[in-house]
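With chain A fixed as given, assemble chain B onto it according to the hints.
Taken in order, these protein sequences are the chains called A and B.
Those letters in the first sequence? Residues 1 to 218, per the numbering used here, in order.
Those letters in the second sequence? Residues 1 to 200, per the numbering used here, in order.
The set of hints was computed from the structure by calculation and includes no laboratory data.
Don't be surprised by glycine CBs; every beta carbon is placed ideally from N, CA and C.
Heads up, some of the hints might be wrong.
Unchecked claim - Taking lysine to any residue and the SDA-like style, the derived pairs with C-alpha atoms no more than 25 Å apart in a straight line are:
#	chain 1	residue 1	chain 2	residue 2
1	B	80	A	166
2	B	80	B	30
3	A	166	B	7
Unchecked claim - A short, non-exhaustive set of chain B residues, derived as facing chain A with CB atoms under 10 Å:
#	residue
4	36
5	44
6	47
7	64
8	66
9	69
10	75
11	94
12	96
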Amino acid sequence: MFDLNIEGAELFALPFGDIVPYFSIYSATLAAFVLIFILISAFDHPERQLNIIFGGDAYYEKEIKEDDTRFSRFMAIACGFATLGAVLTGDIFNFTLFAVLVGITNIAIVASAGNRHVLNAAFQYGIVAMIATVPLFGAAAIILATTGTLSIWTLAGMGAVPLLAKALLILGVMGEGIAPLYIGKAEIIRAQGAPFVLMIHFSSLLLFLRVTEIVLVI
Amino acid sequence: MIETFHTGMFAASLCIIIAFFSFMKETDDLHRLLLTDLASVMALFLIALVGTDLAEALILPGLVVTISKLMALAEIYLVKEGIWGNQPARTLDIEVLQSAPAILASILVLYGIFLSGFSGGAVAGLGVIFYIICKGHQERFELIETVSGYAWVAWIGAFFIMLIFPSQWFLAVMIAGGAILIKVTAKLSLIGTMRGESDV
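For reference, chain A alone in the conformation it holds in the complex (with noise of 0.2 Å):
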């Protein structure tokens, strides 16, 4: 599969079973920007955001404790963690799961804030990311049907794959990582606990990249 022109050559491969999880020079770099910013969401402090009043200059700063920002910053780095898995993982299905696990702590990050509407946003979010597991685990199946593995490694490079499951994979990660655009319809990036937002946006980007890996490969 390292011959392959997305994946560059093989620094490390586990051949344990049909499942192998691997890391060419594209895994690594995801996973070593996964690591960077699980610590970045582990050890900054809450953001101090500024209110300034109009009409005049005076402006204050809210005052954020750290009990406020516990709950957000774990869900942020247990999103950190499943995007690991999911750029780490060898098997399809698993990807699929992690993919979910990082839809659940995405809204968690998003309800975290309180405000009913970003609460209201977080639900809307989440029945997309529900339904969203249908295309995911449809296509997962639909692999595992038409060519009897779901080893990304065994499917490298063969071209067995249909067009739909792809696509439907692609749909599906659609569904899960999201979550960007109803922070935008949010606001959330005013809300309390700021920082760990970043992981919202971070962990979907990092699936789509991991996506587009897959499905170049299978």
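Same frame as chain A, now just chain B:
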């Protein structure tokens, strides 16, 4: 394997189209939340269609992630609607528990009678427990006591048949099995009456 999968795919696609159509028509948030469960069942349906050992092993993790997502959504719905922390009037004030017990209890009791003997009594007793817990109960212990007493007599009678007329062992075994079924059912159904009522 593939032919079966394709045949099932048509049925699954039909179900998915119906489910997604219902999403389009439904506007109430609670009902849409319930419909997401339908969608997740469709996803599991697609995996189950493959019908191999591997597919069977994939059902459980798939079920776990979809159920956990459904629970997260339900929590968000509770907070969003401001009904978080509302205590129901009864402990088990769930709509399903008002409508389902008659069907579920009758299935359990019928299956228990089909099994017969001790395990059958336990299954049938579970059905009765479930019914009494959900529907509440009046004081009808006399009936249970009477039935239990007759069952005990039948059980002893079966032993006498076995000792005196050994050739009729099959009849004796049947009587004993039926009697112990009723006995265990009566004993277990008392568990269902153990909660709540002040004069019990």
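Do the hints match the structure? See the list:
As the CA atoms of residue 80 (chain B) and residue 166 (chain A) are separated by approximately 36 Å, the hinted pair breaks the 25 Å bound. Under the criterion of a C-alpha separation no larger than 25 Å, the hint pairing residue 80 (chain B) with residue 30 (chain B) is consistent with the structure, at around 11 Å. Among the hinted pairs, residue 166 (chain A) with residue 7 (chain B) is consistent with the structure: their alpha-carbon atoms are about 21 Å apart, no more than 25 Å. Hint on residue 36 (chain B) holds. Least Cβ distance to chain A is approximately 4 Å, under the 10 Å limit.
Against a cut-off of 10 Å between C-beta atoms, the interface hint on residue 44 (chain B) holds, since the closest Cβ of chain A lies about 7 Å away. For residue 47 (chain B), the interface hint holds, since its Cβ comes within 10 Å of a Cβ in chain A; the closest pair sits about 5 Å apart. Interface restraint check for residue 64 (chain B): the shortest CB-CB distance to chain A comes to about 9 Å, inside 10 Å, so the restraint holds. At about 6 Å, the closest approach between the beta carbon of residue 66 (chain B) and any beta carbon in chain A falls short of 10 Å, and the interface hint on this residue holds.
The interface hint given for residue 69 (chain B) holds, since its Cβ lies 5 Å from the closest Cβ of chain A, which is under the 10 Å cut-off. Hint status for residue 75 (chain B) relative to chain A: holds, with the closest Cβ pair at about 8 Å, below 10 Å. Because the beta carbon of residue 94 (chain B) sits about 22 Å from the nearest beta carbon in chain A, more than 10 Å, this interface hint is broken. At about 20 Å, the closest approach between the beta carbon of residue 96 (chain B) and any beta carbon in chain A exceeds 10 Å, and the interface hint on this residue is violated.
Checked against the numbered hints above, the structure violates hints 1, 11 and 12; every other hint is satisfied.
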